[in-house]
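As given, the protein sequences belong to chains A and B, one line each in that order. Here this note's numbering is used: position 150 in the first sequence is 150, and no number is missing along the way. Here this note's numbering is used: position 218 in the second sequence is 488, and no number is missing along the way.
Any given hint could turn out to be false.
To be verified - Now the in silico label distances, taken between C-beta atoms and shown as ranges:
hint, chain 1, residue 1, chain 2, residue 2, range
1, A, 238, B, 811, 32 to 40 Å
2, A, 198, B, 735, 19 to 27 Å
3, B, 343, A, 147, 37 to 45 Å
Hints were generated in silico from the structure; no laboratory data involved. For every residue, glycine included, the Cβ atom is placed at its ideal position computed from N, Cα and C.
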Amino acid sequence: MGQQIVLGQYVPGSSFLHSLDPRTKLISAILLMILSLSSMSAVSLSVLALVVLGLMLLSRLKIGLILRTIRPIMLLLLFAFLFNLFTGKGEIIFSYGYIVIREDGLVRAIKILVRLVLLVLSTSILITLTTTPILIADAIESLLSPLKRLRFPVHEISMMMSIALRFIPTLLDEMQKIMKAQSSRGADYDTGNALKRARGFVSILVPLFISSFRRADDLATAMEARCYRGGKNRTRLKVIKYSRLDLLFAAMMILTAVAVYALPIVFPGL
Amino acid sequence: MEARFECEIDKIETGVLLQDISFTYDLGLPQETKALSNINLEVRAGQHVAVLGHNGSGKSTLAHLINALLLPQEGNIVIFGREPSDDEAIWEIRCRSGMVFQNPDNQIIGTTLEEDVAFGPENLGLPQSELRQRVDFALEQVGLTELAQRPPHTLSGGQKQKLAIAGILAMEPSCLILDEATAMLDPASRNDFMDLVLRLRAERELTVINITHNMEEVLLADYIYVVHNGKIALHGTASDIFDQAELIRSMGLDVPVHIEIAGEIARLTGQPLQAAEAFSLVDAIQAVNCRLSDPPQARSGLTKNREAGQTFSPSTHDEFPERKTLVRVRGLSYTYNPDLEQSVKALSDLSLDIYEGEFLGIAGHSGSGKSTFIQHLNGLIRPEPGVVEVMGLDVSVKKNIRKVREHLGLLFQYPEQQLFEETVAADIAFGPKQMGLSPAEIELRVREAAELTGLEPALLDRSPFDLSGGQMRRVAIAGILAMKPDILVLDEPTAGLDPAGRDELLNYIQRLQEKGQTIVMISHDMDQLAGLCDRILVLKDGVKYLLGTPAEVFETEEAIVSAGLAMPRTKIFLEQLSKIDPSIRTDIFTPKEAARELYCHYQAGGEA
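Produce the complete structure using the sequences and hints provided.
This is the structure in C-alpha cells:
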C-alpha cells in the first residue's frame, strides 16, 4: 500500500547527536539513566536538567516533538507525584480536611517528577529520536560481542532483530489486507462485546500466522541461497565506527557523572 | 573493474549436469511424496534454458537441487564442476548460482535496498571497500541506485524482483536461476524484468535457467525442458516443443496464441503444420495464409460453419439501457494521504453504471486505481467526493455498509491467504454466519456454493490448508458466493495459478455468469477480458479512459498502448492477417473462434 509506516519515532536529521556512534549513545543513555535514578539532591538534578537541555539543543529537534515523548507516561508521573505528595514528615504547609501536604512530601514529589522526566527525555533524545532501529541493533550486537566467547548467540540475536524490523511493515500491510478481506465477508471488528471481538481477531490472526510461517520458511531458503551460514567470516557493508565526536561526547558524559556525584558532597546543604 | 569481473567466470563447458536424479520429500515417512524421478538435464555455460511445467510438476524442486538447497537421494549432479558432496562444495555451488524466488517480499532481508544487496557479498566475507563497490555496481545495473536508502517495503513488486537480481549480481555468479520469478508480476513489470534478465545475460555471460509456466518467457529461451509429474516429458528447442501442441495442452500448459490458431487452421484444412512452421508470429501468419489461399479439395461439410461464425458478432450497447442498474457511481475521486506532500491521486471524477447480469472487466496499468475503485464499491473506502450506490444504498452511510456487503461480494487477490477455519465447510460458512442466517440455511448455502465452484462434498470436511492452491482459491470464492451477492467483484482471480488451474477457474466464473450472476473482474490478461466480458473499463492514472464492448475498447492499438496495456494476442494475429486481406474480421478474441471465422471467411470467399 502507498502509505509510509514510521518505525519507532526516529526523526531523520544530521545534527551532532545524529552523527554520533550508536554505541556511544546507548552507553550514555544508560549512564544518564543510572545518574537520574541514583541522585536525589537538588544540585545533582539541576546538573542533569542542564545536560538534558543541552542534548535537546544538540539534537536540533523541535522542542514540542521531544516533549511529546513524555505523553505515554503521563499517568505514571501523576501517580508517582501524588503518592509522594501526601506522605512524609515535617512541617505542614497545606491542609484541608483529610488532605495534608507536608514540606518533605512536596519536595520529594517534585524531585521524583523531575527524575522520571529527565530519564525519559534523555533516552528518547539519545536513542529513539536520533538513532535508526537498525543502528540500535548493530550497537547491541557490537556491545554484546564479548559474550560470544561464552557461546552467547550475539550475531543470531542481532540478525533476528534486524529481520523483525524489516518485516514489521510487511506484516502490518498484510494485516490490513486480511482485515479488509474479512470485513468484505461481513466480519465486524468495531461493534459487539469483548468476546465477539476477540473471536473476530481469530479470523485475522490465523491467516497472519500461517503466512508468517510461510514467509519465515521462504526467507530461510532465500538466505541460504545467498550463502548465509551464520556470523562466521561475515563482513559488513556498514561498520559502525567511533570518531572524534564520540570522544568529545564521552568526555562530556564523564564530566556530568563526576559533577552529579561530587557536587552534593561539596555543597551538602543543597 | 570490468576485467576483474571477467576473470572470475571460469570457462567451463558444462554448467549444470543432472544424471538420473530422483528426489522424494519426507523420504521414509508415511507422507513421503516423490517429486522427481530419473531426471536427466544438461545446461551449457552461457545457455538460456527454460523449464516448463504446471504447479506441482516438480520444477521448483529441480531449481532447489540446482542451487544445492536440496540434495538428491539418487543420481549425479554436477554444477559448474562441483558436486554437492560436503558443506564447502555446497557453499561454493550457492556462490556460483543465484536464485530469484517467486514471492518478492519473502526474499528481501535488508532494511534498506543497499543493505539487502550487500547481504550476499557480506556472507562471502569480502572487505568493506569491495562490498561498497559491488553494491553500487549491482544497484546501478538494475536501475535502483536512487532508491538505495529506501526501505524495501515501499517498492513495487517489479522493483522488488529487480532488487533480488541486484542482490545476486553483487555476488558475481555464473548462473541465474529464476524460480517462477515473474508469477506475481503484472505483464508490464514482467516484460521489464525479462528485458533486464536478457540484457544481463548478454553483458555478464550468465547462464540463465528460467523455471516458469509463462509461454512468452519460454519462447525467449535457447532450449526447453518440459517437466510433467516429476519426469522430463519433452525437451528441445521452442519449435520442437510446440510441434507437440496437443501434448503440451494435455499437460495443463498453454500454447502461444499464434501457434494455437495456426494449428487449428491446419486441423480444419487438413494440412498439418510442419516443424518450425508456426514458431514465430510471422511464420504462423505465413502458415495460415498459405493454407487458406491454397486449400485441398476435400473439405466437405465444413461450409455450414459459416452460420456459427456469425454468432460471434460483438454485443452492442443498445441492450444495456433497458437493464436494471445495480451499482451507480458518480463523480468519484480519491486521494491517498491528502494532507501529506506525497499525496497520490488514485481516482478522479469517475462515473459508471453496472447493470444486472453483465460481466464487466476492469483493466489498467499498476497504480491506475483499479483496486482503489473496487474497494469503494463495498464501502471499504468512503467516497469523498462522489457517490457510490449499490442496489440503491448509499455506501457512505455507515448503517448501510452491512447490507451493501451482503449485496456486493468482493474478493481480493490471492484470497486463499485469508482462509482461517478448521474445515472448508466452516470457512465457506463464515460469511452466511455473519449475516445471521439459520443453521439449516447456512448448510444449504455452503453446499450450493461448493457445487458452483466445483468443490466435491468430500472436501468440505477437510482442512482448507490441505488443498492445492487452485482448490483453496475456489474455497475462498465459494465463501463469497455463499452470501449470495447480487454482484460478485473479483480482483485478479487467476493471478499466480498455472494454465490448467486458471482455465478451470475461468470456466466456473463463466458458468456463474451464464446463470445470471453479475460479475466485475479485474485482470491483467487482455485475452481473458476480451474473451469473457460484455464491457471493459480501462483506467489510466485514475481516470475512466475507455469503456465499451471488447470490440470497441480494443478498436485502436494506440489507445490501449498509451494506457500501458497490450492488445489481446488473438486480435494482434488477426490484425496482421488483415493487412494481407483487409476483409478479415478483427473483432474476435479467442483463438478457436478466430480459426473458425478465418476458415469460414475463406470458404465464403472461395465459393463467391
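Evaluated hints:
1. A:238 - B:811: 32 to 40 Å: holds, 38 Å
2. A:198 - B:735: 19 to 27 Å: holds, 23 Å
3. B:343 - A:147: 37 to 45 Å: With a Cβ separation near 41 Å, residue 343 (chain B) and residue 147 (chain A) satisfy 37 to 45 Å, so the hint holds.
This entry satisfies every hint, going by the numbered hints stated previously.
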